[in-house]
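Visitor: Below, each chain spelled out in residue letters.
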Amino acid sequence: MAEYLFTEEQQDLRRGIRQFCAEHASEQAVRTLMESDTGYDPAVWARLGGELGVLGLAVPESMGGAGGGLVDQAVVAEEFGAALLPGPVFGTVGLAIPALVALGGDEQGGDELLSDLVEGRRTAGFAVPDRGGRFDPALVTVTASGGALTGELAQVVDGSADVLLVAACDGAEIGLYATDAGTRTPLSTLDSTRRQSHVRFDGTPARLLASGAAAADAITSAFHTGAALLAAEQVGGAQRLLDTTVAYAGTRLQFGRPIGSFQAVKHTCADMLVLVEHARSVAYHAAWALQDGSDDPGLAVSVAQAVCSHAYQRVATDTVQMLGGIGFTWEHPAHLYLKRAMTDAALLGSAAAHREHVAALVLDTATSNGVLAVAAG
Amino acid sequence: MDDHGELVDKTARQLVEAHDPRTTPHRELLGAIFDAGLAWVHFPVGLGGLAVSRGLQARADAILQGAGAPNPFALNPIGHGMAAPTVLEHGSPELAAELLRPLASTEHIWCQLFSEPGAGSDLAGLATSAVRDGDEWVVNGQKVWTSLAHRARYALLLARTDPDQPKHKGLTYFVLDMQAPGVETRPLRQMTGQAEFNEVYLSDARIPDRLRLGAVGNGWRVAMTTLMNERSAIGGTSSVRGAGAVADAVELWARRPDLHTPALRDALADLWTRAEAQRLTDERARRAAGSGSPGPEGSIAKLVTAELNQDVYEFCMELLGPEATLYGDYTQRDIQRFEEYRGPVQQRFLRSRANTIEGGTSEVLRNILGERVLGLPGDLRADTGKAWKEIPRG
Ligand SMILES: Cc1cc2nc3c(=O)[nH]c(=O)nc-3n(C[C@H](O)[C@H](O)[C@H](O)COP(=O)(O)OP(=O)(O)OC[C@H]3O[C@@H](n4cnc5c(N)ncnc54)[C@H](O)[C@@H]3O)c2cc1C
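Each protein sequence line maps, in turn, to chains F and Z.
Each residue of the first sequence is one higher than the last, beginning at 1 in this note's numbering.
Each residue of the second sequence is one higher than the last, beginning at 378 in this note's numbering.
Only chain F is shown next, with the shape it has when bound in the complex:
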């Protein structure tokens, strides 16, 4: 289907997930879960994977997925982001599943792990360091020897998941491993709806999934897909905040008139609208580009992340400002989104890191055609 034209099925999917989130990830549910031990509701997660089947929409049917495309998964990610659905979305859906798909799903035991993740029977985190959203083997400090891992990672999102996919060096060779062991210490996080853990391995047994170029390619592919889905999530959160702000500005009265009739408020909302529309355009372009191979994946993803990280953060901080005191309270949900916006912006590369990638791809390679005149006096 042509870029930006959503099919009937995709629109149904969006409605269905929105409905599901309204029931199972209401603000009240999110608040309860974010204060629970696990941070999410495993029964809801199991239903998302089993009954709804929306955790592996882009996974080929031959690998036990829905056989759709990344755009389907992005629609789901956007709705999860709008609701702040707690759960291992980033580690499992964003990174681990795409990595296993990139490996072809037929490595030793990979097949079974993939179908467990897709069907919501198990969860996964991705213990692979990145530099601004790109894979850099030099950052890998975990070592592997005779199938056992040693080393630690300071912060792994969804690091307490059932399984961790881990990048490790066996001598000079990079490998991607899977393990359900290791010492996982939950961290106190800015965003309580997106958990992180400190992870330590001490000769921890692990299964090698792939090594060398195959491992590096799968990691790169996962980072691209994860960044595109993260961008869609950012769109969902930002749109929800814009809706909240506009609704409030239309009803809150000061000086005998709705605050939305003040231009300082109205113009801020207009700027938020532009940010959200830009974010939507670049996020779905990235999803379509990765799905159809219609654009340089690195460039599409970096444009998406540079724009969406900035947009979500800006929309979140502006929301707090437009709401006044109520926006600074624990009781109002604005802070939950602000914390997610800050976290999402830091994951898989900041806006600045992605502008750096754009510069490398576009500016450093530009050549002069000499046509533009510069007046010389």
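Simulated from the structure, these hints should not be mistaken for lab results.
Hints may be right or wrong, so weigh each one.
[To be verified] If you want the ones that stay clear, here's a sample from chain Z, every Cβ over 10 Å from chain F, calculated:
hint : residue
1    : Gln434
2    : Gln442
3    : Gly445
4    : Thr708
5    : Glu735
6    : Leu742
7    : Asn744
[What the hints assert, rightly or not] Here are some of the chain Z residues that sit facing chain F, going by a computed Cβ distance under 8 Å:
hint : residue
8    : Arg632
9    : Leu696
10   : Glu700
11   : Leu703
12   : Leu751
In this text, a Cβ means the ideal position worked out from N, Cα and C, and glycines have one as well.
Following the hints, put chain Z with the ligand in place on chain F, whose structure we already have.
Guide: Here is chain Z with the ligand on its own, set in the frame of chain F:
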């Protein structure tokens, strides 16, 4: 959709076969493009279109302009981008048939007589009067900032026909023959030194009633068609990645490695990324719009493009440093074609200062986005319900 796309491609390819754009004179070529239905593909057959989705225009333009055809918007911006859709929507089919072909061929350049000394952002407050006299209207008043009036054959004119009504209600919309007696055009010089816009004095100028667009008193609604098209035409960025103003900044960047700094590199990457986000947003709007007329989302494109242009040329000035403080030629000259904007970069910088004023200021556009797109409440107004003649002006 795909069939229509193929129809557009085929028609465009046949056209460039039959009329080599590199050798055929512009007017003849653009007339042939109109006859083939490729001027505005979403227009009716026989009136410059093929009655297909508006989004397919980009495909036609890619083939035509790829083969060397000029961009008609650059030659006759107000005619091509604003007058044509207004005449089509609000004029009779006979009037459209009479006016559109010479407009499309650029035989007739058009201008827009909207703004007045006392009515800019508050366009509906304008004072130029049109009084009925049998089959004609007699027009008196002063217009200002009228781009290309010095070259125009026809004008889009908004005038007041009933000063006793509230301001939006007493307006009527006309097509004015700029060669009619009583129409006087004087050039206005702008900060670049050039004179692309004018003052236009209307003294008992006469308009036949058949050149009225829409009903008497319905001029505001007709003007909305013009303004929506203006904003999307000004905003509508190229569908080519990296094209538009930002290409100038990248060109200077590539040409002048001696001026590179890390801070400038990041700033340019940010500009490039914003331009790309707007390009994709236009693309998305085009896909969604089909054949409909542009909605308020066109205001996003106008707002972003204007501010981005300014940021791009500010970047260029900062990059160039002391060299940026030199200028070429401040001699007053009339602009003959909009392409003459493409002067040296310092002139482009100065010209970009108009981008956030012309076609609706950025402040007004933010009001529109807030009120019409987001549905926020309107501002408090001092003139609501008052007869136009009782509203203070100045
Ligand atoms: C290069 C150029 C070409 C032009 N070409 C044409 C043309 O061909 N035909 C034509 O008819 N007109 C043309 N214009 C006129 C243009 O449309 C007006 O200049 C514009 O609408 C602003 O009107 P104004 O200049 O009277 O400024 P004003 O309306 O007086 O505005 C002054 C300042 O007040 C602000 N302001 C006004 N109202 C509000 C409000 N409600 N809320 C917040 N801020 C507000 C404005 O944003 C601006 O900053 C052209 C202008 C330029 C610069």
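Visitor: Flag every earlier hint the structure violates by its number, smallest first.
Guide: 6, 7, 9
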